[in-house]
Amino acid sequence: MNYKPDEGTLISYLYGELSADEAAKVQVYLQANPEELKKWQALSNTKDVMAHVQDKEVIAPPIFMDDTKVVSFWNNNYFKTVMSIAASILFLMVAGKLLGTEINYQQGELKISFGGKKEQTELPPSQPLLTESKVQEMIQSSLAKNNEVIAANWTEDQKRLSQSIRQNLAQNSRKIDELMKTASDASQEQVRGFVASLQSENLKLMKDYFQLSTADQKKYTESLLVDFSEYLKEQRKQDLMILQTRVNSIEKNTDQFKQETEQILANIISTPMNKSNRNSY
Amino acid sequence: MAGRQKTGNFLGRLKLFRAIRHLYSTNPQDVAETLLDIAMMHSDSLIARAREGDKTAQSKLVQLWYKRIYNFGYKFFYDHDLAMEVAQKTFISMHKNIAGLQEVTRFKSWLYTIAVNYCREEARKRKTNRAISLNDLKPGEGEESYRWEESHQRRENPERQLRQSELSDLLQSCLMELSAEQREVVIMKEYEGLKFREIAETLGISENTVKSRMYYGLEGLKKILEQKKITKETIGYEL
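Protein sequence lines, in the order shown, are assigned to chains A and B.
Under our numbering, the first residue of the first sequence is numbered 23, with each subsequent residue one higher.
Under our numbering, the first residue of the second sequence is numbered 452, with each subsequent residue one higher.
Hints listed in this document are in silico derivations from the structure and should not be mistaken for laboratory results.
Glycine residues also receive a C-beta, built at the ideal position from the N, C-alpha and C atoms.
Don't take every hint at face value.
What the hints assert, rightly or not - List time: in silico DSS-like cross-link candidates among lysine-lysine, alpha-carbon distance up to 27 Å:
#1 LYS673(B) <-> LYS61(A)
#2 LYS540(B) <-> LYS60(A)
#3 LYS540(B) <-> LYS559(B)
#4 LYS540(B) <-> LYS578(B)
What the hints assert, rightly or not - Using C-beta positions, here's what the derived DEER-type ranges look like:
#5 GLU79(A) <-> LYS578(B): 38 to 46 Å
#6 VAL50(A) <-> LYS576(B): 45 to 53 Å
#7 ASN98(A) <-> GLY551(B): 55 to 63 Å
#8 LYS547(B) <-> GLU57(A): 46 to 54 Å
#9 THR682(B) <-> ASP77(A): 42 to 50 Å
#10 GLU572(B) <-> ASN98(A): 19 to 27 Å
With the hints as extra help, turn the sequences into a complete structure.
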């Protein structure tokens with residue numbers, strides 16, 4: 023039998039809230055399972071012990087719950103709302119009257135104005151005082167005047183400019199003439215002295231230069247000659263050494279050649295003799 | 452229609468009369484309490500009248516249910532003042548909202564829902580105001596203990612009465628060690644006699660959750676009682 027009641031079923035069984043079938047099932051289960059029965063009995067005992075908590079006696083206090091509110095006419099919400107709307111409308115009307123409010127709606131245009139109407143004196147329809155031709159003439163005349171003024175200003179400016187240019191030119195030419203005069207005023211002697219001094223200075227410089235250059239050249243050539251002679255000596259030495267080595271090598275070669283020829287000769291001499299000996303046997 | 456209503460009322464009265472006669476033949480001391488239970492059971496018409504705005508019916512409902520709601524609050528808080536506060540608020544709320552009660556049969560769970568909500572509200576307030584006032588003293592410790600107001604057991608042996616009262620306080624303190632969720636279910640089932648379905652309706656949770664809370668609540672109480680060495684046998688010996 024796989025039936026196992028859950029906690030809810032057990033607690034319902036404890037409080038007798040199970041159907042007869044369910045209760046019988048649980049009873050059988052508890053009888054078959056002494057451990058579970060023990061647990062259940064422990065719960066039952068706890069329940070029995072806790073049942074000893076007594077109810078407290080209490081006398082219900084008088085609770086006055088008469089809430090039929092007598093609302094007077096003046097405190098009626100409806101009356102209050104109506105009165106407040108009426109008061110606000112009256113206030114607006116009085117304010118409008120005092121401020122002279124005027125509201126107009128004409129041709130899709132709403133106008134709200136305060137302070138009453140202002141009397142406006144209607145002006146007679148104005149007639150055109152100037153015709154187009156007159157206006158044209160006026161424009162023409164003003165243009166002509168303007169042109170004249172501009173031309174006059176132009177000529178004046180031209181005059182001023184040319185005058186100032188002339189003045190400047192005259193001043194400059196005067197200054198140049200003065201300079202030329204001062205230059206021509208310088209004496210011939212001064213010029214000659216200056217030239218002579220220049221020449222003597224140049225001469226000195228040239229002399230020094232040549233002197234210096236000849237000494238240097240000498241030194242240089244000497245050194246060159248010395249170097250060249252040394253070079254020649256060295257070259258000669260080297261040539262001699264080369265010659266020596268070559269001669270030595272030739273000597274060696276000749277000696278070697280000699281030895282070789284001697285060996286060859288010795289071989290040639292010895293070989294027929296052996297051959298002749300062999301054949302004899 | 453009127454005739455049928457009259458017949459119903461007559462049958463109800465007859466049943467009530469028979470029950471009273473039967474009870475008088477048994478234990479006269481329990482008559483008052485059982486009469487109250489019968490009155491509760493037959494309070495449907497009272498609720499219907501109260502719903503229609505009958506002030507007398509409303510005040511009768513208060514008289515009928517005040518003790519139950521007060522005791523629910525008292526067992527929840529273990530505090531007389533808070534229980535009074537909850538009870539008063541519950542009945543004021545009942546008076547204001549009874550017109551909106553849909554079904555007369557659901558009055559019990561509806562009333563307990565209001566009471567539970569006020570209990571939770573008070574518990575929240577108490578959590579925030581952690582200052583201990585003189586009123587927080589355990590009942591019986593103050594000079595003006597309302598215990599003297601208890602009159603129903605005056606004819607009993609005073610010693611036995613005192614022992615019972617002490618045991619009740621001890622068990623009440625054990626009950627206070629449970630979580631609020633388990634406590635409210637245990638009180639509703641064990642002391643208020645609500646069915647699991649009614650508790651589920653009251654708390655707005657499933658019946659299985661209610662049963663689970665009850666099961667673990669009892670398990671918790673078993674452990675607490677074991678710690679305090681209170682057993683069925685010791686109680687029997689003491690009393």
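Status of each hint after checking the structure:
no.: 1; hint: LYS673(B) <-> LYS61(A); verdict: holds (11 Å)
no.: 2; hint: LYS540(B) <-> LYS60(A); verdict: violated (44 Å)
no.: 3; hint: LYS540(B) <-> LYS559(B); verdict: holds (16 Å)
no.: 4; hint: LYS540(B) <-> LYS578(B); verdict: holds (19 Å)
no.: 5; hint: GLU79(A) <-> LYS578(B): 38 to 46 Å; verdict: violated (29 Å)
no.: 6; hint: VAL50(A) <-> LYS576(B): 45 to 53 Å; verdict: holds (50 Å)
no.: 7; hint: ASN98(A) <-> GLY551(B): 55 to 63 Å; verdict: violated (25 Å)
no.: 8; hint: LYS547(B) <-> GLU57(A): 46 to 54 Å; verdict: holds (53 Å)
no.: 9; hint: THR682(B) <-> ASP77(A): 42 to 50 Å; verdict: violated (23 Å)
no.: 10; hint: GLU572(B) <-> ASN98(A): 19 to 27 Å; verdict: violated (34 Å)
Checked against the numbered hints given earlier, the structure breaks hints 2, 5, 7, 9 and 10 and satisfies all the rest.
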